[in-house]
Amino acid sequence: MTQTEYLIVAIIILVVLAVTFIVSFVLYKRTPKPKGCEDIEISEEKCAGCNNESCAFYKEKDSIEVLKNKKEEK
Amino acid sequence: MKREKGQTKKNFLKGIIQENPLLVSILGTCPALATTKSLEAAIGMGILFTIVLLCSNVLVSLLRKLIPDEIRTPAYIVIIATFVTMVKMFANAFLPELYSTLGVFISLIVVNCIVLGRAEAYASKNTVFDSFIDGLGMGVGYTMALCIMAFFRELIGTGGFTFGQIFTFIPYTALIIPGAENFKISVFQNPAGAFIVFGLILAVMAFYKNRKAEMKAWEIKQAKLKAAEDAKKKLEAQKANVGGQQ
Amino acid sequence: MANTKRYVITAITLGLICAASGALIGVTNAITAKRIDQNEKDNIQRGFAEIYGQNPVVSDPKPIEGKDYTNQVYTVEIEGVEGVQYAFRADGSNMYGKISMLVGFDSLNQFKGMSIIANTQTYASTLNQNYIDKIKTAENKSEKIEDVKCGATYGATLIRDMIHEAQEVAKQINPKE
Amino acid sequence: MSDFVTFILAIISAMLIDNVVLSRFYGICPFLGVSKKVKSSLGMGIAVVFVILVATCVCWPLYTYILEPAGIPFMDTVAYILVIASLVQLVGLFIKKYSPSLYKSLGIYLPLITTNCAVLGVVQTNTDTGLRFIDALANGLGTSIGFLVIIVVFSCIRTRLESANTPKAFKGLPIALITAAIMAIALMGLQGLFAGI
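Residue numbers (this note's numbering), protein chains in the order written: chain A, 3 to 76; chain B, 4 to 249; chain C, 2 to 178; chain D, 263 to 459.
The reader is advised that the hints may include incorrect statements.
Below are the SDA-like pairs computed for lysine to any residue, each with C-alpha atoms no more than 25 Å apart in a straight line [said to hold, decoys possible]:
1. Lys99/C / Lys215/B
2. Lys37/A / Leu355/D
3. Lys68/C / Asp265/D
4. Lys135/C / Pro429/D
5. Lys150/C / Leu449/D
6. Lys35/C / Ile173/B
7. Lys359/D / Leu9/A
8. Lys42/C / Gly392/D
9. Lys99/C / Leu455/D
10. Lys215/B / Pro429/D
11. Lys150/C / Ile270/D
12. Lys68/C / Asp390/D
13. Lys359/D / Thr6/A
14. Lys150/C / Val190/B
15. Lys187/B / Arg161/C
16. Lys135/C / Asn185/B
Covered stretches of chain C (chain D as the covering partner; in silico rule of three or more C-beta atoms under 8 Å from a C-beta of chain D) [said to hold, decoys possible]:
17. 20-30
18. 95-108
19. 117-129
Please keep in mind that the hints were generated in silico from the structure rather than gathered at the bench. Glycine included, every Cβ here is placed at the ideal spot set by N, Cα and C.
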């Protein structure tokens, strides 16, 4: 194969990778959580000490605060 | 939209002090421990990081209305990876010493939680200018935190500072404290030293935070005591008053 | 209908982002490629200066084929020194990374010195301290080359093998006897 | 020396002597963030082992047989991050759909692995340093097992630190970092283990 052909193949593979990533990302998000795992994200002990804003569950962190406050009130 | 006065300044300072990405949020720790062997390397890493953060923040906030919510993360990762690759190539071409010193850690900016985190949490919701200022503040804050760590590590580990080895355009200067080379503790140049310095910095910060909280609690307590005393005095005075009347 | 439109817009946006990234990286490459090549050449020139002392006149490299490590030969001329000297470029790798170096010989095929161009070994600093620096400062260099026990034995063995091979090639190219 | 012996030696040296967390500084974020409970650190470690192994097997051929002949080796970081991210999403998808029990224990850590420096770091160094495939595999295996071992050991220590009587300012992360420093010093003692071979 010449270099140009290799280049074309490489670009195709890169595009395929990008498409795979996007499709799998969307599919992952759309798949419902299995039974019995609906609330695993909002567990205090697992996420405490990690401030990673890019974590997919970070948005649900606020709910951890809510949980904590509720506990304290009790 | 009307802007509050001083909001830009507040926005900028927030990244340096209140929400310092390294010292308060404990994010981006990998390069912080690995590239702080010398002050120069830390400054270089901070600058590259700031450039990537600024570019990605600006572009993400420019495109924030175009990118659908559902595929935000993949788009951001592609954008960040592009900028990192560009920065890497520029570093390789124009600062080859910096490139070889930092090595794989330039590529690892892609997976740095701060860049993706700021894109997700800030730039995707705010205007271009705000995102720019936010990126600048976070970048400067991170660079400063790196410099603090590198300062102690190089000072204790080698007994002074050397410049001009990585940024070759400045002349080579070695500022070694006379006599210090007999007292240097070389473990601070090793991985273990990085952990120790980072742990001690966090401990100092926690100490001041605790003391502040204690002072506040003490003030509240004093205020309460004073109030109670006042009330008591008042009561006594009333009693005396009542007694006097009788 | 509205859904289809949304998907099309999404796809176009993503395509544009990817195309823009590709274009940006391409442009950056066009800007920096020359400079990176030049850096590499400077590095090699610096290596020769390190081996031979002053700035020597170095020919363009000629490829060598069929060897494990040695892949290029340079002829080196120095003012005031008679005879042509040969230097070799050798690249080798082991399980800890790769080493690229220049190995220089004088006109009598005696080992003159070496210069590391790239060292990506995991234990690069140990290797530098305990092996390479010792060779560079030693009086009897060929004796130090054999002493590979240094805490990064695999890297040292690799360097030793590369030097030995270069020595053989030098004898073939420049037979003196 | 036979290839097998070098393979084993490479694994051991990547795992202990040149430990991924304590001397190469990859993956400090999960090392500090997810090491509060032994169970969760075990989950994170196993997920990382799996992803690093598969990513190594995909990325090395991708670079050597496609990117390099095509003359675009500088696209490596982009390609690797795409491979790792899609791998993580695919694994997550599979687990989410077919194995609720695995999802329960690993589900929360999977999205975090994309931003774990250890994965990209290993894959990138494999090609940056020009390793052969077998060495790259050994590096990946050793690194990931090293990560698993260290994070589990560290979480065991941390659970005990919780109840230890530490100064107030050192509670939490600072004392954990000092502990990590002591562990790093201990591992430094292994340097030069294979010097005689």
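Status of each hint after checking the structure:
no., hint, result
1, Lys99/C / Lys215/B, "53 Å, violated"
2, Lys37/A / Leu355/D, "15 Å, holds"
3, Lys68/C / Asp265/D, "21 Å, holds"
4, Lys135/C / Pro429/D, "47 Å, violated"
5, Lys150/C / Leu449/D, "21 Å, holds"
6, Lys35/C / Ile173/B, "23 Å, holds"
7, Lys359/D / Leu9/A, "37 Å, violated"
8, Lys42/C / Gly392/D, "20 Å, holds"
9, Lys99/C / Leu455/D, "21 Å, holds"
10, Lys215/B / Pro429/D, "16 Å, holds"
11, Lys150/C / Ile270/D, "20 Å, holds"
12, Lys68/C / Asp390/D, "23 Å, holds"
13, Lys359/D / Thr6/A, "41 Å, violated"
14, Lys150/C / Val190/B, "24 Å, holds"
15, Lys187/B / Arg161/C, "34 Å, violated"
16, Lys135/C / Asn185/B, "23 Å, holds"
17, 20-30, "holds (count 3)"
18, 95-108, "holds (count 5)"
19, 117-129, "holds (count 5)"
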